[in-house]
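Put together the whole structure using the sequences plus the hints.
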Amino acid sequence: MSTSRKPGRRVAAFCVGALLFAAAACAVAWVSLRPRPHPVVQPIAFSHRVHVSGEEMECADCHKRVGESPHATFPPVKYCMQCHEEPQGEHPDEPRVREYAQRGQEIPWVRVNRLPGHVYFSHASHVRDAKMECAECHGAMEDAEAPVTLPQIGHLDMGTCMACHRERGASNDCLRCHK
Amino acid sequence: MAGVNDFSFSIKPILDPIGKGGRGFYLAAAGLLMVMAVGVYAYVQQFVHGLGTTGMNRPVYWGVYMANFVFFIGISHAGTLISAILRVANAEWRRPVTRCAEVITVFALIFGALSVIIDLGRPDRLLFVIQHGRLQSPILWDVCCISTYLTGSLIYLYLPLIPDCAILRDRKIGWVWLYTLLALGYQGTQRQKHRLEFWISVMAILIIPIAISVHTVVAYIYATTLQPGWHSTIFGPYFVVGAIFSGLAGLMIAMAIIRKAFHLEGILKDIHFNNLALILLVMTALMIYFTFNIYLVEITGNEPSIMASVMEKVTGEFALPFWGMIVGGFLVPLVILSFPKGRTVTGCVVASVLILVSMWIERFLIVVPTLIHPRLPWPTGIYNPTWVEWSVTAGCLAAFALLYMLFARVFPIVSIWEVQEGVDVAIPEINKRFEGYMPDVPDEAGSAAFPWEGMPPHGRGEREP
Amino acid sequence: MASDESAPRSNPVSPAPARSAPTQPEAPPPNPERRGALRQIAALAAGAAAFVALPLLRPRRALAQEDAPSPAPGGTRKPRWGMAIDLDRCTACQGCVVACKTENNVPIAGADQTERGRGIFWMDMLQTEEGEYPDLKGQFIPTPCNHCDNAPCVKVCPVGATYINEEGIVAQMWARCIGCRFCTTACPYTRRYFNWQAPDWSEAARHTLNPNVATRPKGVVEKCTFCHHRIRQARETARAEGRAMTDADVRRLPACAQACPADAITFGDLNDPESELSQLAKSPRAVRLQEELGTHPKVIYLREAKWQE
Amino acid sequence: MEGVTRRGFLKGAGVAAGAFLLPGCGEEEDPYALRRPALPDGSSGMLGQEKWVPSVCGQCQAGCGIRVRVAEGRAVKIEGNPACPVNRGGLGPKGQAGLGMLYHPDRILAPRRRDGERGSGRWKEVGWDEAIGEIASVLRDLRARGEGRGVVVLDGEPRGMTRDLWARFLDAYGSPNHMDHRATSDGGKLLAMTYMHGVPEIPAYDWERTRYVLGFGASLFESWCQSIHLTRASSHLRRGMPGRRVKFVQVSPRFSVTAAKADEWVPIEPATYGALALGIGHVLVRDGIFDADFVRERSFGFEPWTGEDGRAHRGFRDVLAEYMPDRVEALTHVPARTVERLAHEMVDNRPAVALADGGAAAATNGLGTAMSIHALNALLGSLECPGGLLVQRPAPLASWAAVEPDDAARAGAAAPRLDGAGVSRPLARGCIQEFPEAVLSGKPYPARALFLNRSNPVFSKPGGGRWIEALRKVDLVVSFSPLPDESTIWADFVLPEPTYLERWEPVEPVPSVGYPILGLRQPVVDPPRDSLAVGDVVIRLARALGDPVARAFPWDGYRDAIVERLKGVQEAQTGSILEPTTQKFIRKLQQEGIWEARGYPFGQWEGAFPTASGKFEFFSQAIEKRLAAAFPDASSMEAWLVAQGVQTRGDDLCLPHWEPPQFAGGEVDYPFLLVAYRGVAYAEGGIRHLPRLRELPSAGRDAWRERVELNPSDAHRLGIRGGDGVRVETPAGRRRLTAFLHPGVRPGTAGLPLGYGEWPPRPGVLEAPGGYGLLAVASDPLAGIFALQGTRARIGKEA
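Protein chains in written order, with the numbering used here: chain H, 253 to 431; chain C, 42 to 506; chain E, 102 to 410; chain L, 176 to 974.
Worth flagging that the hints you see were computed from the coordinates, not collected in a lab.
Watch out, some of these pointers could steer you wrong.
[Unchecked claim] Reference listing, derived: stretches of chain C covered by chain E, where coverage requires no fewer than 3 residues with Cβ under 8 angstroms from a Cβ of chain E:
no.: 1; stretch: 151 to 162
no.: 2; stretch: 263 to 271
no.: 3; stretch: 283 to 290
no.: 4; stretch: 406 to 416
[Stated by the list, open to error] Here are the simulated lysine-lysine pairs, DSSO-like style, with alpha carbons at most 27 angstroms apart:
no.: 5; chain 1: H; residue 1: Lys383; chain 2: E; residue 2: Lys179
no.: 6; chain 1: L; residue 1: Lys763; chain 2: L; residue 2: Lys226
no.: 7; chain 1: L; residue 1: Lys742; chain 2: L; residue 2: Lys759
no.: 8; chain 1: C; residue 1: Lys301; chain 2: C; residue 2: Lys382
no.: 9; chain 1: C; residue 1: Lys213; chain 2: C; residue 2: Lys53
no.: 10; chain 1: H; residue 1: Lys316; chain 2: L; residue 2: Lys226
no.: 11; chain 1: C; residue 1: Lys301; chain 2: C; residue 2: Lys473
no.: 12; chain 1: E; residue 1: Lys179; chain 2: E; residue 2: Lys383
no.: 13; chain 1: H; residue 1: Lys330; chain 2: L; residue 2: Lys226
no.: 14; chain 1: L; residue 1: Lys422; chain 2: E; residue 2: Lys407
no.: 15; chain 1: C; residue 1: Lys473; chain 2: C; residue 2: Lys234
no.: 16; chain 1: C; residue 1: Lys234; chain 2: C; residue 2: Lys301
no.: 17; chain 1: L; residue 1: Lys759; chain 2: L; residue 2: Lys226
no.: 18; chain 1: L; residue 1: Lys763; chain 2: L; residue 2: Lys790
no.: 19; chain 1: E; residue 1: Lys383; chain 2: L; residue 2: Lys422
no.: 20; chain 1: C; residue 1: Lys382; chain 2: C; residue 2: Lys53
no.: 21; chain 1: E; residue 1: Lys238; chain 2: L; residue 2: Lys742
no.: 22; chain 1: L; residue 1: Lys618; chain 2: L; residue 2: Lys800
All C-beta atoms, glycine included, are put in the ideal place defined by N, C-alpha and C.
This is the structure in structure tokens:
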């Protein structure tokens with residue numbers, strides 16, 4: 253049998269084949285099993301552009317606690333009502349804001365930007381102490397027409413945090429961010 | 042010259058079992074598979090529900106699994122280390138023994154490593170050890186040493202297997218494609234053979250320090266902590282001796298079974314058992330010496346935290362296994378092996394079984410009594426291993442036995458070519474070596490100075506231990 | 102195959118006929134083959150070396166890195182947190198134990214697990230009783246993690262899941278922990294705890310979870326953090342008020358110290374010679390548990406005194 | 176959909192594919208997520224929102240101020256309120272564990288009516304109107320039939336607004352049967368204060384300045400009524416004053432935590448504290464080192480005296496003369512030398528105080544014991560002085576307008592009490608432990624309706640299964656409880672009350688600091704959907720009954736009743752909160768959690784002892800009067816005393832005296848004396864329902880088991896090892912417990928920690944669970960104090 257002539261090659265071929273197969277299997281598994289964020293449905297068709305670019309509002313006007321608390325927080329409906337008590341435009345969703353307010357309900361905004369439960373992140377530390385701009389992480393919200401339905405900070409893994417911390421001379425002590 | 046096909050002894054009993062199995066084989070395999078299945082089921086339970094399914098707790102954070110780990114790693118020293126030492130020492134009687142020893146190493150090592158993985162709370166994070174490994178941790182030393190040892194033993198098992206695969210390939214026995222693949226085109230040419238032997242001897246030398254390092258670092262896992270009774274300078278050598286001790290016992294049991302099952306009485310002869318038994322005797326004495334050392338020093342030191350665990354063994358809850366181990370595992374084998382009549386196959390098997398069981402107990406008694414008595418005053422710990430731990434242990438043992446059985450059905454369990462080589466090469470070599478030992482003979486005494494010069498090879502027994 | 106056995110010994114190099122034909126130019130030039138073998142060995146060695154060296158080459162943990170300017174008691178110097186527990190004040194009420202459990206989301210073990218000795222108490226109560234009735238002596242020692250400067254647990258962790266942070270806290274990153282329990286066995290104080298199973302956070306019990314502390318899954322080790330999240334909070338509060346964190350801010354900061362009705366627990370900065378803790382550490386009553394082991398614990402006990410002592 | 180597919184795939188393939196290759200398989204999407212329920216209102220607007228709400232702890236009567244951290248709508252942590260003088264920011268394990276009560280999985284969320292046999296555990300939820308209507312109609316019928324006196328309230332609250340409302344209700348309705356639990360807790364101490372001091376309240380102590388503390392069985396650091404306050408105080412007394420350290424001496428048969436923590440532990444024969452106190456008194460008088468000035472000027476009955484009728488009376492000096500240290504040693508097994516030393520140490524380290532506890536006076540000789548110990552304080556001159564024993568000053572709460580009972584109410588209220596207090600137990604204020612026998616015998620009249628206000632007698636009162644039988648016999652049983660318990664099982668109605676973290680209540684703590692304090696309990700989170708404060712139920716019940724009962728309750732609800740009384744504090748314009756209007760006052764009180772008027776008025780001897788003589792009475796004229804009222808002549812009294820086995824006679828009954836204790840069960844049949852005690856974890860209602868208390872590390876591995884503590888030598892003799900199951904039998908019942916070997920238990924006795932048992936309580940069980948089920952009903956014959964240390968037991972290894 254000619255097979256015995258170059259047995260080394262056969263072994264190599266076998267190994268390479270097995271490796272290729274394993275790699276392919278892993279790739280398929282990764283692609284199909286990888287957790288992917290799915291878009292959420294926001295209750296109101298809120299446009300950041302209209303408010304930020306149009307009305308020249310600041311982020312902290314609505315996300316009030318961004319400079320003092322770990323959470324930037326959603327605005328309660330009473331903030332909306334400061335302007336939308338009277339109709340401001342013709343968008344079909346606008347009256348619904350008033351409906352919520354009249355029912356004494358908060359608008360059930362859906363949170364999209366989430367960190368894992370064992371991570372502590374403080375907006376106050378980053379905004380107030382490190383003087384970071386909101387856009388550095390959240391991007392150009394002043395151009396966003398539609399409400400946010402997907403996490404904006406998709407690539408945020410531990411390496412990203414640590415690289416930025418290293419760059420800015422912030423501590424990379426594990427306890428600083430992990431709880 | 043080393044033949045792939047021509048042998049001066051009957052290789053039929055060696056080749057017979059290859060590729061087929063009798064009723065006994067299938068029955069045994071079925072039995073082992075069932076035990077394994079229970080073990081796998083138990084592990085799945087443990088994986089899903091956590092280590093809470095075991096009997097471990099605070100402060101007994103380690104238990105049966107860590108005892109298994111040390112035990113299996115110990116058994117693994119049977120083979121490669123022994124065969125390597127014998128090879129390096131040119132002990133010619135080793136030839137039929139080496140293969141079955143080396144196989145034990147590979148499989149025992151696998152289950153040793155597996156025992157640690159089984160013991161992990163988060164086996165899914167196993168790769169963190171490589172990704173985030175800290176070389177300062179004795180566990181990393183273990184990972185390095187064990188993986189090196191496993192690789193080394195695999196190579197060391199594989200190299201001598203090449204010519205035998207070539208034999209099987211050529212004779213078209215069993216899975217020829219496999220043998221063809223593994224034989225790597227070995228034809229037994231002089232150069233191939235020379236190169237093979239070179240690398241075998243390189244591996245034989247390399248593997249000895251690796252093997253010693255493995256069990257030393259296993260001991261370090263215990264000795265580097267501050268736990269009373271573990272924090273001892275003697276632990277490294279003590280573990281190594283214990284490993285060779287239990288490994289030898291394991292090897293003798295395996296050999297006895299193989300000899301019986303494959304009717305290899307003509308190849309694995311009484312003399313092999315006798316010689317191994319002599320080594321085992323030395324190890325028994327060493328083991329007794331070490332044990333005496335450890336306990337004498339601990340007891341005379343009389344440090345309360347250490348004495349708590351020592352007394353737990355001497356008079357407390359573990360007195361029965363402890364004294365059983367001392368008497369049954371050390372003293373009785375010492376007596377059996379001391380007498381030529383005890384160094385028969387039966388005697389060896391009895392002694393080995395006693396030793397093997399005792400050595401498992403010994404590992405258990407290293408782990409548990411110390412943990413039951415931590416340094417801070419604490420209501421004495423409790424530890425009752427659960428069915429999960431026993432099942433997983435049984436499953437590991439069964440899987441080990443099954444793998445060994447399968448190996449023996451796929452590959453020659455006695456290295457055919459090495460035995461043949463003994464006949465071809467070793468006899469003249471021994472003669473020559475022996476000549477070297479003797480006082481120089483003056484030329485005039487004639488060329489026929491040695492009376493055994495012309496005797497037929499089969500009439501002589503191997504005389505070198 | 103039986104026929105082969107009788108084959109003459111004198112013909113050692115006799116390949117099987119069917120295969121013999123193509124093996125004629127059998128030996129390729131020796132050099133390339135040897136070089137191949139060497140290359141293989143070299144590759145193997147390199148691989149092994151890489152495997153061994155990889156962990157070494159990784160950048161060291163950020164311990165040594167400069168921290169952002171953080172106001173700490175005593176100026177810019179890094180604090181070294183420690184705790185003093187006055188056994189003369191303590192009445193063994195175990196309020197600290199429950200406070201710690203609630204603050205740090207430590208799970209309730211339940212009847213079965215308690216019986217098996219698997220309860221988790223970041224703050225535990227060690228008790229001993231000696232003697233026979235009526236000549237008895239009893240001791241009650243609240244025992245959190247000692248946060249040793251020379252921590253045996255940190256030395257043995259294979260994955261760096263536990264480390265001593267820049268402020269002296271022996272931290273446990275459970276998200277990194279592989280559950281080998283080497284640290285739990287290495288700790289001479291038995292003050293590290295393993296999650297033997299998934300903690301049972303019933304729907305009702307989940308309401309009480311502190312949002313500032315993560316819950317731990319099964320199979321990982323957890324331990325006292327000196328209420329690190331409360332330190333962080335206090336620091337953020339101080340920063341928001343534009344001042345440095347003072348000894349008064351941290352004196353009763355951890356949940357155990359806060360809860361203690363006897364005021365027996367003092368928390369503070371051992372690097373600050375002015376802190377109350379540093380003063381207590383100088384007391385002739387000050388002892389540390391098992392000092393002889395050289396672990397340098399940062400939890401200082403103040404011995405019980407005698408009447409008129 | 177994607178998630179489902181993924182999970183499904185993992186489930187099928189995960190295990191087979193190798194657990195090691197797919198990290199995190201079988202776990203939730205985010206393995207690190209802090210798993211917590213959705214926020215109460217489902218809106219993420221509350222993210223990060225939190226507040227601290229001040230309130231008052233309700234796990235015991237001590238009234239520690241607390242602040243509760245409410246994060247995102249959930250109460251997540253309880254801490255001490257630094258503003259509260261009782262605890263100044265500290266909090267014991269019970270208080271910390273309160274969240275377990277709030278978020279208890281077994282909470283009753285709506286009123287229930289029995290739906291099936293009594294004790295079947297089958298319930299039907301009913302509306303409040305329906306429940307109150309039905310109960311009111313039963314009460315109306317009873318009143319109409321003239322059986323209103325058969326309405327009984329077992330009140331778990333010894334003080335407070337809810338208790339006052341119940342008292343008011345019974346006054347207006349017409350029943351004398353308002354029973355509290357004090358006979359089984361601090362009854363002895365209370366009666367000693369009542370009869371000697373003239374103040375019907377337990378004392379407070381000036382811990383700041385005390386220099387010597389002698390505790391008679393007082394588990395100061397465990398279940399003393401003010402353990403947390405005392406823990407603070409002891410910390411201060413030991414380490415708070417440089418160069419000065421107070422000595423704590425603990426006298427008790429069991430080596431408790433307090434004994435271990437004390438500077439000296441004096442082991443003693445159970446139930447002989449009185450003899451020791453008299454022995455110390457003997458030494459004080461013999462050596463002339465007692466406070467002669469105080470005794471001469473401010474006390475009555477120390478020297479022999481002659482009454483107005485010319486009868487000569489014995490004085491306390493005569494009693495003391497009989498208690499030579501040698502005799503005391505024979506009675507108590509405390510060496511005579513120790514008795515002498517203790518007496519001298521107390522005098523040398525004045526101000527010194529002697530404390531009694533429930534445990535000390537809880538014996539059949541309870542009143543004599545409590546009086547003897549209290550008399551020591553008088554001999555030492557430690558009353559109403561810095562570092563001594565104080566009388567807690569009340570907060571100036573306004574009182575409600577007086578009830579104007581009609582004839583029916585007056586008649587009902589004048590009926591004899593069902594528990595025999597003031598009748599068969601002439602000196603008792605209450606005798607709850609003897610109530611079941613009265614119910615079962617139907618004498619002097621049948622009990623018709625029973626209200627259990629925060630009271631679970633089946634679990635926490637002695638007498639074993641007798642309580643269950645009694646509950647089954649009463650026509651209507653109504654239980655107010657946020658959780659099911661052993662008594663609610665036998666009730667007809669279970670009316671859920673908000674827990675102490677969800678309700679309004681002004682709280683006057685157990686006497687602690689001496690000066691007036693008032694805490695405000697307020698809801699930290701919303702109460703569950705359908706619960707009602709007991710106060711509201713009482714008012715609604717009264718309204719449903721119509722006039723004349725309704726007339727006594729002119730308020731719309733409980734809150735109005737509270738506000739009316741708080742007005743008094745605001746109008747007094749003293750203390751820490753001064754506000755012009757009641758509304759502002761209450762708002763401030765809500766923010767502070769506590770009101771206090773610091774400074775104790777020492778040296779106000781005028782009216783300090785509201786007794787017949789206006790002085791501290793060693794010889795209690797109140798007792799003399801009560802006995803005279805109870806027994807028409809000397810011979811009937813003699814007969815009664817003989818029947819009750821009382822050995823003391825004559826004047827000694829009115830003086831601090833020693834009476835040999837009696838025990839239920841003979842020494843031969845029941846060789847062990849049970850030393851029942853409450854550990855540090857004993858919260859209101861026991862330990863068994865709060866896992867965080869059950870699992871305190873001090874309880875060790877047997878924490879979840881009901882235990883009995885044995886001395887190792889006794890255990891060895893019986894072949895019992897630690898952790899073994901043992902059978903404990905007493906004249907009251909039997910129970911299987913787990914043996915716990917404890918060298919601190921006196922040989923021949925067995926320690927019995929109370930408050931343990933099964934949870935949740937099982938319906939239909941006729942045996943009383945927990946430690947109390949083993950205790951026989953034994954009382955001080957005259958004073959009706961429950962003899963906690965009055966039961967003997969037989970203990971054997973369980974086969």
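Going through the hints against the structure:
1. 151 to 162: Answer holds; 4 residues pass the 8 angstroms Cβ test.
2. 263 to 271: Contact hint for the stretch 263 to 271 of chain C vs chain E: holds, 4 residues under 8 angstroms.
3. 283 to 290: violated (count 0)
4. 406 to 416: Holds: 3 residues of the stretch 406 to 416 of chain C have a Cβ under 8 angstroms from chain E.
5. Lys383(H) x Lys179(E): holds (23 angstroms)
6. Lys763(L) x Lys226(L): Distance of about 16 angstroms is within 27 angstroms: holds.
7. Lys742(L) x Lys759(L): holds (11 angstroms)
8. Lys301(C) x Lys382(C): holds (20 angstroms)
9. Lys213(C) x Lys53(C): Measuring from Cα to Cα gives roughly 14 angstroms; hence the hint holds.
10. Lys316(H) x Lys226(L): holds (17 angstroms)
11. Lys301(C) x Lys473(C): Violated: Lys301(C) and Lys473(C) sit about 35 angstroms apart, past 27 angstroms.
12. Lys179(E) x Lys383(E): holds (21 angstroms)
13. Lys330(H) x Lys226(L): Measuring from Cα to Cα gives roughly 20 angstroms; hence the hint holds.
14. Lys422(L) x Lys407(E): With a Cα-Cα distance of about 9 angstroms, the restraint between Lys422(L) and Lys407(E) holds, given a limit of 27 angstroms.
15. Lys473(C) x Lys234(C): holds (21 angstroms)
16. Lys234(C) x Lys301(C): violated (32 angstroms)
17. Lys759(L) x Lys226(L): holds (21 angstroms)
18. Lys763(L) x Lys790(L): violated (40 angstroms)
19. Lys383(E) x Lys422(L): Satisfied, since the Cα-Cα distance of roughly 25 angstroms is no more than 27 angstroms.
20. Lys382(C) x Lys53(C): Between Lys382(C) and Lys53(C) the Cα gap is close to 30 angstroms, so the pair fails against 27 angstroms, i.e. violated.
21. Lys238(E) x Lys742(L): Violated - the C-alpha atoms of Lys742(L) and Lys238(E) are around 53 angstroms apart, more than 27 angstroms.
22. Lys618(L) x Lys800(L): holds (26 angstroms)
This entry does not satisfy hints 3, 11, 16, 18, 20 and 21, going by the numbered hints stated previously.
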